[in-house]
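Each of the two chains sits in its own frame; use the hints to bring them together as a complex.
Quick mapping for you: the protein sequence lines, in order, are chains A and D.
So for the first sequence, this note's numbering puts the first residue at 1; every next one is plus one.
So for the second sequence, this note's numbering puts the first residue at 1; every next one is plus one.
Since the hints were made in silico from the structure, they are not lab data.
Treat the hints with care, since some could be wrong.
Unchecked claim - What follows is a list of derived Cβ distance ranges for each label pair:
hint : chain 1 : residue 1 : chain 2 : residue 2 : range
1    : D       : Gln56     : A       : Gln92     : 22 to 28 angstroms
2    : A       : Lys577    : D       : Gln303    : 48 to 54 angstroms
3    : D       : Gln56     : A       : Ser1      : 41 to 47 angstroms
4    : D       : Gln303    : A       : Asp37     : 38 to 44 angstroms
This one's a predicted model, so the numbers in the text were calculated from it and none came from an experiment.
Backbone N, C-alpha and C fix where the C-beta goes; we use that ideal spot for every residue, glycine too.
The residues making up each chain are set out below.
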Amino acid sequence: SLFRAEDISLIQLYIPLEIAQPTVAELGELGQVEFLDLNPNVNAFQRAFVGEIRRLDEMERKLRFLENQIEKTGIKPKPLTGNLYYGRTRTQQEIDDLEARLTEHEARIQQMNESQDTLQKRYLELSELRQVLRETAVFFEQAESRTDDPLLVIQREDSHLLAGNPSPDPEDAQDQRDSGRINLGFVAGVVPRARMGIFERILFRALRGNLYMNFAEIDEPVTDPGTDEVVQKNVFIIFAHGREILQKIRKICESMGATLYPVDSHPEKRREDALAVISRIEDLKHVLDSTRNTRRMELSKVAESIEAWAMMVKKEKAIYHIMNMFNYDQNRKALIAEGWCPTNSINSITYALRGVTERTGSTIPPILNELRTKKTKPTFHRTNKFTAGFQAIVDAYGVATYQEVNPGLFTIISFPFLFALMFGDVGHGLLVTGALVYILWKEKELNVKNGGEVIFDGSKPPNLISTIRWDMFFGGRYMIFLMALFSVFTGLIYNDLFSKPLNWFGTGYKFHTEHDHEMRVGEKLWTYAVGIDPAWQLAENKLLFLNSYKMKMGIIFGVMQMIFGLTIQIFNHIHFKQVQYIYAETIPQILFTVSIFGYLVFMILYKWSVDWLAVGLNPPSLLNTLIYMFLAPGSVAPSEVLFPGQAALQVFLVLLALLCIPWMLCAKPYLIWKESVRHRLQGYDNVQGNRDSLDSDRTGEVTPHNGDGGHGGEGGGGEGHGEHEEFSEVVIHQVIHTIEFVLSSISHTASYLRLWALSLAHAQLSEVLWDMVLANAFTMKGVGGTIALYIAFGAWFYLTVCILIGMEGLSAFLHALRLHWVEFNSKFYGGGGRAFIPFAFADFVEANGGPAE
Amino acid sequence: MESITFNIDNGYLDGIVRGFKSGILSISNYLNLTQCETLDDLKLQLAATDYGNFLQNEPSPLATTTITERAREKLVAEFQYIRQNAGPELAKFLDYITYSYMIDNIILLITGTLHERDTHELLERCHPLGMFDSIAALCVATNVQELFNTVLVETPIAPYFEKCLSAQDLDEMNIEIIRNTLYKAYLEDFYEYTQTLGPTTAEVMGEILKFEADRRVINITINSFGTELSKDDRAKLFPTCGRLFPDGTSRLAKADDQDQVRLAIELYSEYRKFFDQGPGTERSLEDRFFEYEVYLNKRAFLQQFHYGVFYAFLKLKEQEIRNIVWIAECIAQQQKERINDYIPIF
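Next up, chain D with everything else stripped away, as it sits in the complex (with noise of 0.2 angstroms):
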């Protein structure tokens, strides 16, 4: 069935989608651009490709941040052309996607409140895609309560934060712990969501974000390493989406070195390569995760009438970003050896 009504709605927007994901940097391009020997010249390579003339009107001693800036500008403006031009159901979809924007600009406001830096200057640093009318008086609060009711209510994530309220003051651990409470609650209602979007939505942002579960089960796990969390509130954090759920999340909850968390994912055959230190390889966990959140995104591409490519699309665009800067940040602080670290695309 999908097939036959899912263009009446989102034919268009899935051509478009598509076309901007032949835009994506092929390895030739990052050839090129590993090549070069001045942020110029990457301006200059960048200009042959999709981003077009994205850098035109900046004056000539180009910043890495700069181009941060405009590249994230683009990928935004394309998201919001797609965004505007949904129907109901997709735009609900693209609302989702959103939603892990504004929790992490609200972490983001509230961790600069704490540490009482400027409004403005934080508000400049949120991602445009997690932006809402009310976000600025975040910074009035002071403890979480008041934060709830004073702007979180009135926005779609005022749902996942109800999860969180017994916590109390506002200090670095907790907001870490609202942090991954929400993103649980995020991710466990996306993944519902998903779930009844039709067989093939279901199957490749099923995928998707179970990885994404799994990946921040990990994150938690090593990251909470040393910390005073305690083993049963890292378990309460723990998604229960993902492919590790029940049996592996159990195993880390009860994890206490880098070992331990490998022998429990060990079982997974798909996460096991994580751990694989072959010789020679220095990529850092978080690149092979990158990896395989590129893999998987890509492969979204390989079914047709889902709503998974403006997912994958805008993931697979973010990581694209993402190696431009390090490609940039390479040349700008000219450590040209360890430029090859990007993660190609395609």
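Bound-form chain A, shown alone (with noise of 0.2 angstroms):
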């Protein structure tokens, strides 16, 4: 129940070593049970499972590599299906037939790429030489047309020379690049153009300009199939003379990363050269397309079943490292485990067990034990989808100490309507449930698994839903429509539907001149049906009116809220089996609450009860009175008085506050000490002090202690040091305590009145929008009134969802969120305990892109 936390038990687990694994995975799948580590000091790496989760991370690293590959060819992998996601346990032996099929597919690719890398790189190289050969054609032509050059003389004798020497096979690049052994001549090649400026530079210093250089840009890019970036490359041809230069032209180009290519000088030659390259080209193409289809489909067929198998290996990682938290009983053969669950699911646990046995024919059950713990036990609230969003503002703020009573069953209720006495107004309300209906509507459609952010075109501005993440207002979807609703009823109390009143019943007001005033007066015939009357919407004094209502209506429900606060200590208290402590510290607070703020509503409500007209008085100031009461007690001025025998009331209230403070001071340590004092008598204090006071001989000896003896933290002298600091520490927070009781009564009160400020804003700015947008476009006539209200219209509704429902709901939320955590909680709510995580394959499935839920 939401009200207390679930009782949760420790138990203890046999599982015999053979189904382990199967078990844990059973476990998993329930996912009830938190496991706690029993092996704390073993390291990381020592642990019983490592060779298992490591041989699982060679299996992700796998995966891995494969899905890049896959990523990179452009399949889409086949996204988990619902079944997928809580498949059937799965053997050791599927593991290892997994992890073989792993390591198959990763070397068949790994091969394949291997082949296709090559067959690229020749590709390339091939296209490049066609490219060096076709640009050097026009380069020789260029020169042929010039004869005079005196380079192009020695190389034309040099290319008789060569004629008649038989160039190696075109194939082996390597070989024709040697092939330059003329003195004098060219090399030709390909390098990338960002480098081009470096290497002419370098090639100019090393020779000293003895070097005629020449190049073009090759047109179409060219992608390194090594990096996969594609790079710009330009070919270059350079004649130079000497056999030395020509080497150390070579070194520097192929230290400039330049690829170098054999050219012929013979321009026959040269043409034929081109021919079988082209050709080449030509087989080389075929061969890597079937290459690249192969590939392509090997990838396809992995990328049916990746996605399950990842998740496949993801739970056995996680079902592994949970076994590394167990013991290992040598003697038996079974695991130990250790692990919290909620008593309630012990029987479907036991149930979980015998199917695991079950479908594993072992001879040996897994054996439950339930084990009694002093240890402290941790908090877990069932929650559901509606449910779920309220207990996370709680938690939020402090999870439950284990057992005490939890704020988020009434934070259901008190959030939306403290929310709504803020954010009232009619129209803003039903927006929001127009567009909470839809969403709850199409729950399902909506739960989307992006956990990211969605543009979502509800009627909720997409400005703000792209910076709040989509989840969060998914998650809390339910607690935003019952604020929605909530404000269209405080609207409806208010009377206020974008800032204009509705007018159903019939105002109970009729109006009437009079002659020495500009203004009407309104005289009141009957009241209004429900809530405020429409005519104060008009009122010159409306704001008077409305100002003194809503901040006496949040001194009212917040001095409520907090003496509700104050009440349920005592469900903590007698659940924790300490009533004393309701006499020693509940009743005082809530008297002094009372007897301060109790009498201020008090106050109120008898102001708003008496006709103050029809009696002929002038209505007293509470304010004053509630001041005066403590600085003159026993006298309240004839002007203010309320009700006969006030001033004896409020003397008695003023000392029964008073009384209440020594009260909260004394009684509690009081309590403490006696109790420790009854322990010592019965002999027990040994088993506790032992280990402080070894060294006093007097430890068993009891002073007695007068009565008063808490207030000052001096304890006997013959207690143990661990005992004396203990009860010091009691009184020192005891102290504090009462001390921040007492202030934070005062500003508490005050706080409250954040509910009367914000309905204000809330209600000045829509009226303001709407005077200043909307109402402007009504006084225009004709044509271009109408498209002046178009016009209007859309800037006031953008406006509206924008500003008043958008960041006032932002701040209405976060000013009800703080008088929950703060004001309420701190009443009663201790917060200091640790939230119960079970192990479930659920949770990392979402964690996963699941469902956000």
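As structure tokens, then:
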């Protein structure tokens, strides 16, 4: 239930080693056990199942590799379907199979990648060669047209020399490159365009300008198969003189990342080469295409099931991580696990365990023991999709101490209510309600797996949605729905619809003009049926009336909520068997609050209930009354009298409040002290104090204390050290607690005035928006008026949604949150617990992009 | 003034680098690392630190070189990130840091070429922080003049190089001299530059660079014993920005053996302990230097609003990588007894 955390038991499991893995898998699917780490002192890599985990890591690496390849190829992996999430238990055999399969796939793909890379490289080289041949042909032709070029003459001679020399197999580029045995000649090749500048500079510097260089850009960019980067390249040809220099040029070229290609100086040979190259390129292209196809097929086969495999490996890894937390019983060949589980779920756990035994056909079933424990148990509130949002608000403040009263239950109503007090407007409420009805109606479809931001074109503005995570908004959908409904309600009470009142039942005022005044004066005939009379909306003194009304209302609800919070303490005290604290703590606190602020509430209600005009008196100021109640007790100014006997009552209340302070201060430490004395008289102190007071031979001695001993914090001389310090700590704690309570009771009450302030701000803003934007458009006539109205309505609606619903909603939410966290929770909620985090596969299925709920 | 204006340009990076610094392995991390049995254990342990899954995609039999490479890659990536986001002044400071790597790379390439190693293999061994565009062309050169004119003239370290143009042939000895002359020029220049960067940077970097210079002086002296380097030549290699200059350096210039070095150092209280070979200490002189360097670099983080943290971070991280590699090597070679000889940082 949501009122208290569920009973949690410490369970111990004896799991036979053979079926440990399926058992943990089953418990993971169930998601009801939080395992304890039984070997906290063992290093991560010295644990029992590190080997398996490492193996799975390796498998994950392979999966990542495959995934990467699939992504590169542009195949879409088949997404996980629902039934695969909770697939059947996986046996060791299957994991082995999977590993073998992964290894095989990886090897195959790697091989294919390699061959593809080599082919690609070859292809690249050939196409570069083709470019070089084409471009150099242009150079040579240009050169031939200018026969007076001395370089060329020599070069020609040279090429004649070479003509008879059969060129080696053009396929082997390396050999060809060495074929530049020419004393004077040229080097041709390809260099990345980005390095062209440096290349040229270095060449020039190294050869002192003794070269003739020509280059041309290759139009089509080349993709480097190694890095997948697109590189622009240039073809160059360098003419130089002398073997040494050519050698040097080659060396520089190589070191600069240029690729050299053999170019024959004989034009006919060049043409032949070019043809050969083209045909070889064609061949290569075929081979390349078929390799690519096989690879693609292989990858798409992998893509079919890669997600499922990844999930499988992930689950398996989680299982082994959990098993690493178990103790290994050498004798019985069993793993011993300890963990927390909700007491209610023990049955389902036993059932699951039996299921595992049957399925695996194991002879020894796992044994489940319930252990008694003194350890602090984790807190577990079972929530559903409706309550989860509210519980999350409470948990964000602090997880409840085990089995203390959980404010989450009350928050379900009080949170939307306080929100609505600040946000009250029928129109805004209805807009949000509409949006939420749509969301709730389409709940299943909108429950997107996308954990990131989703632009949702509902009536919430897109700029808001894109800044808030959709998850967050969606997770709180029921809360927002309730908040919207409550806003409609408070809007009806405030009689406010986009700052306009609704006159459904006819106003209860009749107006007549008085002669000596410019204004019309209303005369009240009857009370309006629901909420505030619409006539107030137009009244001059509207703000005066509304402010006073909302302020007082804020105080009333605030005091009610705080006193309610205090009474919850009683449930806690009874549950934790500390009934005496009810008298020592809760009752003085309640009395203190009631005698001051309860009285204030009473005065407010009393003042409302009296028709002061009819009595013919000026209504007294409550604020002054409250202040003078303390400043001048026992006397009430005649103009401020509310009711007869007020002075006496006030004196009594002040005295009562003052009495409560020492009561709160002393009673609890005294009880604690008395308890410890009783313990000692029963001879228990040695057990407790042994550790601290071995050196003290007076440990067992007890000095009687008088009743006030608690106040000073000075215990008897014979007490052990630990006891002593503990007690003075208690006293100090109590002093702080009391001071804090007394001071905060004032500030907290004042804090509830934010209900008024925000509600005022909201109403005023929406009024301003209406008057400034929409109302202006109503005054225009004709076609212009229509267009103006069209535009103005758009602007008004947009601003309403953005500012009034979006921003104001957030601010009201924030203040409602504060009122719960600070003003309400501080009255009774410890929040010192630890959340129960069961081991559940469902959790990381979600973390992996599953539905966020 | 620094405290007012420093964060305008450098606040973000200062924060980043201090964040990086808090990710440096602590003594408890090292304790865990030294308990590892295999390199895979090491990988597992490192995965829990700031290194994260930097070895995630490495197939299982790990080599120590892979660890070094990946760790260095990570450091370089961090440094590059800082460099890319730096304002002009800081960028220049960071560039200065990279010059020392450039010098190392150049020397590596020249030496490699001298021994006729493959250029590409050499290039792979170069430190990525000291790369520049035309570095590959270094292997073309056969003498110093050519080296300078072809390649180095357009690198930022050209001004340093001008001072050693007198050396003609490229042999082992000359390369060593070139390296030390370059370093001397570089250190002096860097020192000068840091002294212009405001009082805090000047102070912090001054401390560190002074020590760096002194370390070089001592190392050069000790290494030159028994070589044909003349005492005059040796004195020319000493950086002049250190604490030892001019008194200590002139003494060291005359030193003939280890004892004389010790006597010369004795006068400087900070350095005296380097030669105090107490019983039971097996630390080499180099380790002591590293320790002191770590101490200085750590101290840089105690001051606010200065550039020293960037330098210190890089050096500390390098020390950390050296430590990890040391531990990894010890594990790989089953030399567990020496595994604790790393230099703890925090």
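Numbers of the earlier hints that this structure fails to satisfy, in rising order = Violated: hint 2 alone.
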